[in-house]
Structure formats: C-alpha cells, structure tokens
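Once you have looked at the hints, place chain B on chain A.
Okay, here's what each chain looks like letter by letter:
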Amino acid sequence: MKKVIIIALLFYFNINAQTDRHKWQPVNKVYQLKQDNGRDYSLDKHSAGSFLLTGIRDIYWLTFSDLDGDNCPFHPTCSTFFVKSVKKTNIVQGALMFADRFTRDSNLFKGKDHYKRDETGKLYDPVNNYTLNEKQIIYIETGSKGKSVHEVK
Amino acid sequence: MKVNTIKYFTVFQIIFVLLNSNLIGQTTAAPTNYFSIRNRLKFGNDLFSQKDYLRAIDEYQAVLKKMRSDTLLFKIGYSYEQMKCFPKANSFYQKLLNSKSLSEIAKFEILKTNFLEGNYGKVKTLHISQDSSDNAYYPNEAKLFYSTYMLDQNELPDSSNYKLWFNEATQSEVMKFYRRKINPGYKSETLAAVLSTVVPGLGKIYVGETGDGITAFLFNSILGFLAYDNFRAHHKLRAWIFTGLTALFYGGNIYGSISAAQIYNAGIRFNFDKDFKVFLNNHNYFSPKYYFMNK
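If you're matching them up, the sequences are chains A and B in order.
With the first letter of the first sequence counted as 1, position 55 gets the number 62 in my numbering; the numbers rise by one all the way through.
With the first letter of the second sequence counted as 1, position 33 gets the number 13 in my numbering; the numbers rise by one all the way through.
Only chain A is shown next, with the shape it has when bound in the complex (with noise of 0.2 angstroms):
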C-alpha cells in the first residue's frame, strides 16, 4: 500500500510540475531600425497658403530631396528655411529670403567659414538672421564645434 501511495504521489508531482503546457511559437519582431530622417511631412491647415506651401514641400520631399539624399550643407535644410521664412515674415519676403539662401548654398567658392557646424556637422544658419530684424539676430562664434549660440540684444 505504501509502495502504491508513493508511486501515484510520485505521477502527481510529475504531472503537476508542467504547468507551462503551452508550446512556444515563433515571434514575429522586425529588429531592422525604422528610418526616421526628421522630417515632418503633415501639412498645415492653418491657412490656404501654409496648406499649399507645406504641400509644395512634400511634393519637393518625395520627389527629389529624399531620393537625393541628405546632400543640403545648411541646417536647416534650404527646403524647411523657405517655410519657416515664409512663416515667420510673408510670402514676398520668404521668396527673397529663400532665393538669398540658395545664392549661399551655391557659393563655387566654399567660402563658408563663417557659419558654425552643429552636432551633426551641418551648417547652422537660422532664420532669424535673415528677417531684417536686428534683435531677432543669432550671432554664432565659429571655431569652435557645437551649436551653443548667443543672441545679440
């Protein structure tokens, strides 16, 4: 009796201790990093005009600048400084800002000492100084990396 008692007490515990009775399956994780290059591509539906302006820049966006490549020198992008410019003064404005900047951008002669390199190593150039507003001015040390910048009141 005792041989049968200790032989079924055995069965329980064996059976009993498989409590995980469920098989392990596959899990489907994507270890691949998702692609993120900054950009923000809703459009703004404040207005007509920021709707039209931001949808001109998608366009812009999927067609050409990010089959491109990040090849712009300047943060930000001469892209986004024609939105921001656009925002932050007016359309007749932001067109000359803008036509100023890609005058820049194209300079054959590398003479761009004077903007500061930031983290990335882009060139940092705001919009701020291009508004015609000397309090808005962003003057930024060059030599140095790093976008620490001082504002000039």
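Just so you know, these hints were derived from the structure itself, not from any lab.
Each hint should be verified, as a subset may be incorrect.
To be verified - Here are the simulated lysine-lysine pairs, BS3-like style, with alpha carbons at most 30 angstroms apart:
no. : chain 1 : residue 1 : chain 2 : residue 2
1   : B       : K257      : B       : K68
2   : B       : K102      : B       : K46
3   : B       : K269      : A       : K142
4   : B       : K161      : A       : K142
5   : B       : K104      : B       : K156
6   : B       : K257      : A       : K123
7   : B       : K(-13)    : A       : K142
To be verified - Away from chain B, derived, C-beta distances all over 10 angstroms, residues of chain A:
no. : residue
8   : V11
9   : K36
10  : K41
11  : L50
12  : D51
13  : K52
14  : F105
15  : R111
16  : Y131
17  : E141
Where a beta carbon is used, it is the ideal one built from N, C-alpha and C, also for glycine.
Just chain B now, with coordinates in the frame of chain A:
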C-alpha cells in the same frame, strides 16, 4: 580542597574577565558634536574656501539660525553671486545696508550684481543716487558705472571721465575699448543694398562675403542671359520663367546684402562685448579685496 580551589579560581576568573571587559570597554571620551555652531561654521568656511558655495550656504544658514553675523550674510550673498544667482545674492546684500561695518561694501556689491545681471539702467540709477563722500568704494562703483556705457547702446560720456576714474594700469586698455566703441567699423546696410543694386553681388563683397558675392553675380548674369536669349528666340514661356527667376534672385541678392551687413555688425557688437567682459573679468569687476572673508 583541590576541587574547591579550582572552583574558586574559576569563579574568580569569570568575575575578573567580566569586570575587565566592562572597564576596558569604556575607553572613548564623550562623542563629538559635529553639528555644533562652531563646527558647522568651521566646515562652512572650509567649503567656502574650496569654492563649494552651495554647501557652504547650507552650513552658514544653519549657523545664522542660532546667531546673527553680518559677515556670514555677506558670504552667503557672495556665494550666490559666484553661482550667478544674482537676485538671491542681491537680497542678502540688501540685508546689510544697515550694517555698521559692511553697508558700504554691500552697496558696491548690489551695484555689481545688477551689472552682472545686465541691468545697466539700474546700475546708473544706483550710482547717480549715491553721494561720493559717504562711500569708500565710490571709485570702484564709478568704474562699473562708466563700464555700463560700453555695453549698452547709450551715447558714451566724454573720455576724460574714463581717464579720471581708471588708474594708469588699466587706462590704456579702457581707452582702446573707448575708441573701438566710437569707431566700431560697422558696414552700412544702405551702401550694401545700393552696391548690390548696381552690380549684383557687389554688396556682399563689400561686407566681406566674396564667394557669395561672385556666386550672386554669376546667378544673375546666367539667368538674365537665359531670359534675354529666350526672348530673342521667341520662346516666350521659357523667357518669362527665366525673367521671373532673374527678378527673384536679383531681389534676393539685394535683400541678402542688407542682412549680411546686419550680421556683420552684430558680430562686431558681439566681439566687442565679449572682449570687454573678459577685460572686466580679468580685473574682477574692480572689486576690492575682502580680507574679512578669510577669517
């Protein structure tokens, strides 16, 4: 007899050991009170001398709860000043305005903290409201007062004032800054715009952006030529597109010349302010030496 002897000896041994451990165990003197006023003050002074101002303030404030000390109030204000917490420093210096020995120093430090905070208008008001006869630190204050004109946009006072208040060692340096302030070498925005109107890119070259100037000239020339050539070839649509682009880049070149001149001038102001602040810092903002703080 022998068993008894062993018993007595064992009992004696036990008593001896117990007594001995009790007696020897109590060897240390009364514990030191590390948080006594005297010790906290000593510790605070040590932290202060090591420029550990934040912790020094804690110790001094604990001491001030038990006793009044103008020196400690000053040292707390000074610590906040060193940590660039100027409003807090100012509030501690204000408490010393009625102090017998430290009121004059406190007045100077109030002026200095306002200067360091960039409240140049307040510095001027404070200095003008003071009487030169009742303040031993009036010459130090005068130096800061005249320094404010170097850093704000107000018209500079006559150079004789600078010669009067600054000693020979600093006078030549100050006069160099004075001349730089009077003739900063700004570039004219109007001239830059006019030059770029006449010859595209010339305004940029005038401001020092030669590469940008030549690029602007080439851009305008090429686009202008393309517009002209297409009109000549009766390609009206293309001609008008290039005309529009020429107009845009021509306008952008004039606009860019003005903004380039503005940035150039901002750079001159920035470098002047930076150099002058380095000069002031090298002279410790003309502060007197406070020997009482080392006590």
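A cut-off of 10 angstroms on Cβ-Cβ distance, and V11/A was said to be off the interface with chain B. Does that hold? holds, 61 angstroms
Beyond 10 angstroms from chain B, beta-carbon-wise, is K36/A? holds, 48 angstroms
Does L50/A really sit off the interface, with its C-beta more than 10 angstroms from all C-beta atoms of chain B? At about 25 angstroms from chain B, L50/A clears the 10 angstroms cut-off, so the statement holds.
Are K102/B and K46/B close enough, with their CA atoms no more than 30 angstroms apart? violated, 35 angstroms
May I ask you to check that Y131/A keeps its beta-carbon over 10 angstroms from the closest beta-carbon of chain B? Check passes; 13 angstroms lies beyond 10 angstroms.
Hey, K257/B versus K123/A, does the alpha-carbon distance stay inside 30 angstroms? The hint holds at about 22 angstroms.
K41/A: least C-beta distance to chain B exceeds 10 angstroms? Consistent with the label, K41/A stays out of reach of chain B, its closest Cβ about 38 angstroms off (over 10 angstroms).
Hinted pair, alpha-carbon criterion (30 angstroms max): K(-13)/B, K142/A. Please report holds or violated. violated, 101 angstroms
If you draw a straight line from the CA of K104/B to the CA of K156/B, is it 30 angstroms or shorter? holds, 23 angstroms
Assertion that D51/A lies farther than 10 angstroms from chain B (Cβ): holds, 23 angstroms
Any Cβ of chain B at or closer than 10 angstroms to R111/A, or is the non-interface label fine? violated, 5 angstroms
Since K52/A was said not to touch the interface, does its Cβ keep a gap of more than 10 angstroms from each Cβ of chain B? Its Cβ never comes within 10 angstroms of chain B, the nearest being 27 angstroms, so this holds.
Checked against the numbered hints above, the structure violates hints 2, 3, 7, 14, 15 and 17; every other hint is satisfied.
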